[in-house]
Amino acid sequence: MFLALKELKHNKKRFLMIAIIFVLISWLVFILSGLGNGLSTLAASAFKNMKADYVVFEQGSKASMSKSLLSNELTQQLTEMQGVTAVSPMGTIMASAIKGNSLKSEDKLDIAIIGIEPGSFLEPSVIEGSGLTPDNLNQVIVNKTMKDEGYKLGDTFQLDGSMESLTIAGFVEDQTYNHVAAVFTPIAEWRKLAFAAPGSDKGVIEPVNAIMLQGHNIDSGAINEKLAGTDTVTRAEAVQGMPGYKEENGTILMMLAFLLVISAFVLGVFFYVFTMQKTSQFGIMKAIGARNGFLGKAVVSQVFVLSLSSIIVGIILTYGTAAIMPKGMPFMLDTKLVITYSIVLLVISLLSSLVSVRTISKIDPLKALGRVE
Amino acid sequence: MSKGLQITGASKYYNEGSNRVSALDKVSITVEPGEFIAVVGPSGSGKSTFLSIAGALLQASEGEVKLNGQDISKLSGNQLSNIRLHEIGFIMQASNLVPYLNVLDQLLIVKRMSGKVSTADKSFAVKLLEELGLGTKLKNYPEELSGGEKQRTAIARALINDPNVILADEPTASLDTKRAHEVVSLIAHEVRTRHKAAIMVTHDERLLAYCDKVYRMEDGKLSLAKVESIH
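Residue numbers (this note's numbering), protein chains in the order written: chain A, 1 to 373; chain B, 1001 to 1231.
It is worth saying that the hints were derived from the structure and are not from the lab.
Note that this is a predicted model, so its numbers are computed, not measured.
Be careful, since some hints might not be right.
As a list, the in silico BS3-like pairs of lysine-lysine whose alpha-carbon atoms are at most 27 Å apart [unchecked claim]:
#	chain 1	residue 1	chain 2	residue 2
1	B	1111	A	6
2	B	1122	B	1111
3	A	297	B	1116
4	B	1066	B	1111
5	B	1066	B	1178
6	B	1178	B	1026
7	B	1074	A	13
8	A	12	B	1137
9	B	1139	A	9
10	B	1111	A	297
11	A	336	A	48
12	A	362	A	6
13	B	1026	A	12
14	A	152	A	192
15	A	99	A	327
16	B	1226	A	327
17	A	6	B	1122
18	B	1074	A	367
19	B	1122	A	297
20	B	1116	A	9
21	B	1127	A	367
22	B	1026	A	9
23	A	12	A	336
24	A	6	B	1127
25	B	1226	A	367
26	B	1137	A	9
27	B	1074	A	9
28	B	1139	B	1116
Whenever a hint applies, use it, and build me the whole structure from the sequences.
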């Protein structure tokens, strides 16, 4: 550590260069991870925050709400399945909310309508106002981001392409679906909206998109067997089945993976060149009695100090960036994720320095004498 | 046990294609503590190979090298590192200092190689440097030192671990006559007062007067040479 710090202090400029590169890399890694996290939250937070463990879809629907249509009559049979403790149906459609009778485009807002049984385990708890009631079908609870668009408690809004209007009874938080605010309605209201055109329910009695299950160790295979035409998956699989979700996350993950691989090579090459330049120095120290371990430790601890401080600066810059980002940006920093990527970056830089350590162990102290016969 | 350095019948061969080239041919030499020996000879005569073998940097193909009574010809790499650290003080050609360490740290890094640095180590290092006339340069970096000062730092570095053997490889290669005499007389002085066995490899015939014995190396063979002494 002594040798490492002395050299860092003496060659500030050269180490500053590599620190700047590392800071930029870590900054970009954290911003991408925040963006990925923000996007996946926006895409599926309503789904992810549901207290459901399994989801029953129609067979052949690829675990996607929009491709699935089931009858609510199945709920009765599902409650009798082994391991199932609670059952509740759900339906979703995309819609647009219009403030009053306005024709201005800024007064239209994309929303996702999620139909649930009032009072069921699927209903999120409100942070303001009151929950859903089975008696008043037009009372809805909405995500609090609609407040930013100027909606208040008790406001009534029209739905585009429909005669129906809904009234905000309460606000919930962290409920977005398909990148837009979620609006929870009683399932009966959802049916009115989703199957407004006659025949669009394909004749299914009490149609729903999917049935959510609560319970542990549910045997999805047994359910598929007993109930013909159904497909039971875990909630995590259902999230993956959302349109575009996998693709979106895959893109971000691919960028992150490339970034990490690139950073491993950039850092590795940098440290290697540094080490090569110091070959004769290491040779001298070996000649006067330094062991490989002593010199290796010096290099690794130097890389450690450099990486750790660069990562910390990167984290500070990331949180700084997050603070000045516009509110609507799908950017969400997760402390756990930041810590994970910090550790990954640190491990990558330490691994890349091992190449240099190997080089050092091969340096011949004889070269320090300045001439080899 | 006998102190100092004893080399008996040491040879070193290199394979060059199908030929076997001997860089060192049955070299024997004994250096007692307090003795300052010079080895001269044309380049390519095997002086460096000889010094490398004496300095535990290279192992002899044949023969025995005894340092302080211990045979070092069969030791492992790490054991050799240890021998170099504790038993041998190297003075190399000019400017072989670590560029980012100040004069005092040049000495203390050697102490760090074997563990912690104690206050006693530090005061010994300061005393040593003062003795060598570097008392005012403790915090200077190598780039701020003159050639003579660099070499004096190297002498201090060679002495910091109180080794039994001092090996100097062309210590005056980049110095003018005045500085060269200064440096070699300093080495001779330290060798005698501290009772070290010392070998200096050099081209510079002017400096042989400081040495007790002069050996000549030719084609890998070492022989005693006659030189008038100035003592």
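Hints versus structure:
1. 1111/B with 6/A: holds (16 Å)
2. 1122/B with 1111/B: This hinted pair holds, its Cα atoms lying about 9 Å apart.
3. 297/A with 1116/B: Given that 27 Å is the threshold and the Cα spacing comes to 15 Å, the pair holds.
4. 1066/B with 1111/B: holds (24 Å)
5. 1066/B with 1178/B: Measuring from Cα to Cα gives roughly 36 Å; hence the hint is violated.
6. 1178/B with 1026/B: Distance of about 37 Å is beyond 27 Å: violated.
7. 1074/B with 13/A: violated (45 Å)
8. 12/A with 1137/B: holds (23 Å)
9. 1139/B with 9/A: holds (14 Å)
10. 1111/B with 297/A: holds (16 Å)
11. 336/A with 48/A: Cα-Cα ~17 Å, so holds.
12. 362/A with 6/A: holds (24 Å)
13. 1026/B with 12/A: violated (51 Å)
14. 152/A with 192/A: OK: residue 152/A and residue 192/A at ~24 Å, within 27 Å.
15. 99/A with 327/A: holds (21 Å)
16. 1226/B with 327/A: Measuring from Cα to Cα gives roughly 91 Å; hence the hint is violated.
17. 6/A with 1122/B: holds (17 Å)
18. 1074/B with 367/A: holds (22 Å)
19. 1122/B with 297/A: holds (23 Å)
20. 1116/B with 9/A: holds (21 Å)
21. 1127/B with 367/A: Violated, because 31 Å separates the two Cα atoms, which is more than 27 Å.
22. 1026/B with 9/A: violated (49 Å)
23. 12/A with 336/A: violated (32 Å)
24. 6/A with 1127/B: holds (23 Å)
25. 1226/B with 367/A: Not OK: residue 1226/B and residue 367/A at ~32 Å, beyond 27 Å, violated.
26. 1137/B with 9/A: With a Cα-Cα distance of about 19 Å, the restraint between residue 1137/B and residue 9/A holds, given a limit of 27 Å.
27. 1074/B with 9/A: With a Cα-Cα distance of about 41 Å, the restraint between residue 1074/B and residue 9/A is violated, given a limit of 27 Å.
28. 1139/B with 1116/B: holds (20 Å)
The structure fails to meet hints 5, 6, 7, 13, 16, 21, 22, 23, 25 and 27 from the earlier list, while all remaining hints are met.
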